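K.L.:
What follows is the residue order along each chain.
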Amino acid sequence: MSNQSDDSLLRHAGADRFFHWATAATMLILLGTSLLPVVGIRFAWLVPHWVAGLVLTVLVFFHVFRAVRVLNLKSIRLQGADFAELKGPKAPKPGKYSLAQKGMHQAWMLVVLVAIATGLFLMVKAGVPFLERDPYLFRLRTWGRLTLLHDLAALAAVFLVIVHVYFGLLPEKRHYLVAMLRGRVSRAALSKDHDLSKVERGE
Amino acid sequence: MELLRYGHDAWGATVVNGVNWDLLGVAVGAGLAVVVVHALRRLLGRRNGG
Numbered sequence: 073m074s075n076q077s078d079d080s081l082l083r084h085a086g087a088d089r090f091f092h093w094a095t096a097a098t099m100l101i102l103l104g105t106s107l108l109p110v111v112g113i114r115f116a117w118l119v120p121h122w123v124a125g126l127v128l129t130v131l132v133f134f135h136v137f138r139a140v141r142v143l144n145l146k147s148i149r150l151q152g153a154d155f156a157e158l159k160g161p162k163a164p165k166p167g168k169y170s171l172a173q174k175g176m177h178q179a180w181m182l183v184v185l186v187a188i189a190t191g192l193f194l195m196v197k198a199g200v201p202f203l204e205r206d207p208y209l210f211r212l213r214t215w216g217r218l219t220l221l222h223d224l225a226a227l228a229a230v231f232l233v234i235v236h237v238y239f240g241l242l243p244e245k246r247h248y249l250v251a252m253l254r255g256r257v258s259r260a261a262l263s264k265d266h267d268l269s270k271v272e273r274g275e
Numbered sequence: 059m060e061l062l063r064y065g066h067d068a069w070g071a072t073v074v075n076g077v078n079w080d081l082l083g084v085a086v087g088a089g090l091a092v093v094v095v096h097a098l099r100r101l102l103g104r105r106n107g108g
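The listed protein sequences derive, respectively, from chains X and C. With the working numbering, the residue at position 34 of the first sequence is 106, and numbering never jumps. With the working numbering, the residue at position 34 of the second sequence is 92, and numbering never jumps.
Hints may contain errors.
Straight line, CA to CA, 25 Å or less: simulated SDA-like cross-link-like pairs of lysine to any residue [unchecked claim]:
hint: 1; chain 1: X; residue 1: 146; chain 2: X; residue 2: 87
hint: 2; chain 1: X; residue 1: 162; chain 2: C; residue 2: 101
hint: 3; chain 1: X; residue 1: 197; chain 2: C; residue 2: 100
hint: 4; chain 1: X; residue 1: 162; chain 2: C; residue 2: 96
hint: 5; chain 1: X; residue 1: 159; chain 2: X; residue 2: 87
hint: 6; chain 1: X; residue 1: 159; chain 2: C; residue 2: 99
hint: 7; chain 1: X; residue 1: 197; chain 2: C; residue 2: 68
hint: 8; chain 1: X; residue 1: 245; chain 2: C; residue 2: 102
hint: 9; chain 1: X; residue 1: 159; chain 2: C; residue 2: 101
hint: 10; chain 1: X; residue 1: 245; chain 2: C; residue 2: 107
hint: 11; chain 1: X; residue 1: 264; chain 2: C; residue 2: 82
In short, the hints are calculated from the structure, not lab data. Owing to the predicted nature of the structure, the values given are computational and were not obtained by experimental measurement.
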């Protein structure tokens, strides 16, 4: 964590905030274009869906590149010691991210990677302008399994959006939302739930 | 309630087509359940001075 001043810390760099909000917008488009027809709101959903899917794929590549080359993976990696937080208020405070925040990240990572991996194959089945449609690439059974995984990722994403937005809007978590909007977080607010010495060590 | 959608291939064998979209309500319900349980715990914690 760089760019530290006396009373605040840089929690999310501009590139990471852009990734977060662009991913959020893309996920809402993907869920809207896939699930609104399911509940009876019919429209030409396929083109905006695969376009948003490709945008999400590019965003994830960008994020993975930054995570590996620029960010500190140690701060987001879920480790056994993180579960000490479950002991309650007497447990040692976490570094940059709490157990819940790491868990949310890992859940999103799994859901988004499954959605992208299956979605890229399903684009071949559906046909897009730059890929020749080939519904015979796989057997029907395999297409069904890919669709099943894609659908499960969509359902899990609906669950995660609800939970993520709820916790993001809680008054006592407001400093996290402000940090995701403006980048910085006050030391006083962060120190209530995080060990600033660990944060400064990049943990 | 069936958890999956099924179809048939050219030989008449049953194949999975995806999830049963009735599960969308389960996903929304599970998310709202987390919200309600947490909100209640938060409210009770405040009443008890937590």
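K.L.:
Confirm or reject each hint.
P.N.:
Here is what the structure says about each hint:
1. For the suggested pair residue 146/X and residue 87/X, the alpha carbons sit about 19 Å apart, so the restraint of at most 25 Å is met.
2. Restraint check for residue 162/X and residue 101/C: the C-alpha separation of about 22 Å stays at or below 25 Å, so the hint holds.
3. The hinted pair formed by residue 197/X and residue 100/C fails the criterion: a straight-line CA distance of about 47 Å is larger than 25 Å.
4. Proposed proximity of residue 162/X and residue 96/C is supported: the alpha carbons are some 21 Å apart, at most 25 Å.
5. About 35 Å separates the Cα atoms of residue 159/X and residue 87/X, which puts this hinted pair outside 25 Å; it is violated.
6. Straight-line distance between C-alpha atoms of residue 159/X and residue 99/C comes to about 17 Å, which keeps the hinted pair within the 25 Å bound.
7. Taking the CA atoms of residue 197/X and residue 68/C, the gap is about 17 Å. The hint holds against a cut of 25 Å.
8. For the hint pairing residue 245/X with residue 102/C, the CA-to-CA distance comes to about 18 Å; that is within 25 Å, so the pair holds.
9. Restraint check: the Cα-Cα separation between residue 159/X and residue 101/C comes to about 21 Å, which is no more than 25 Å; the hinted pair holds.
10. For the hint linking residue 245/X to residue 107/C, the alpha-carbon distance of about 19 Å falls within 25 Å, and the restraint holds.
11. Of the supplied pair hints, the one linking residue 264/X and residue 82/C is violated, its CA atoms being roughly 37 Å apart against a limit of 25 Å.
Violated hints, in rising order: 3, 5 and 11; the structure is consistent with all others.
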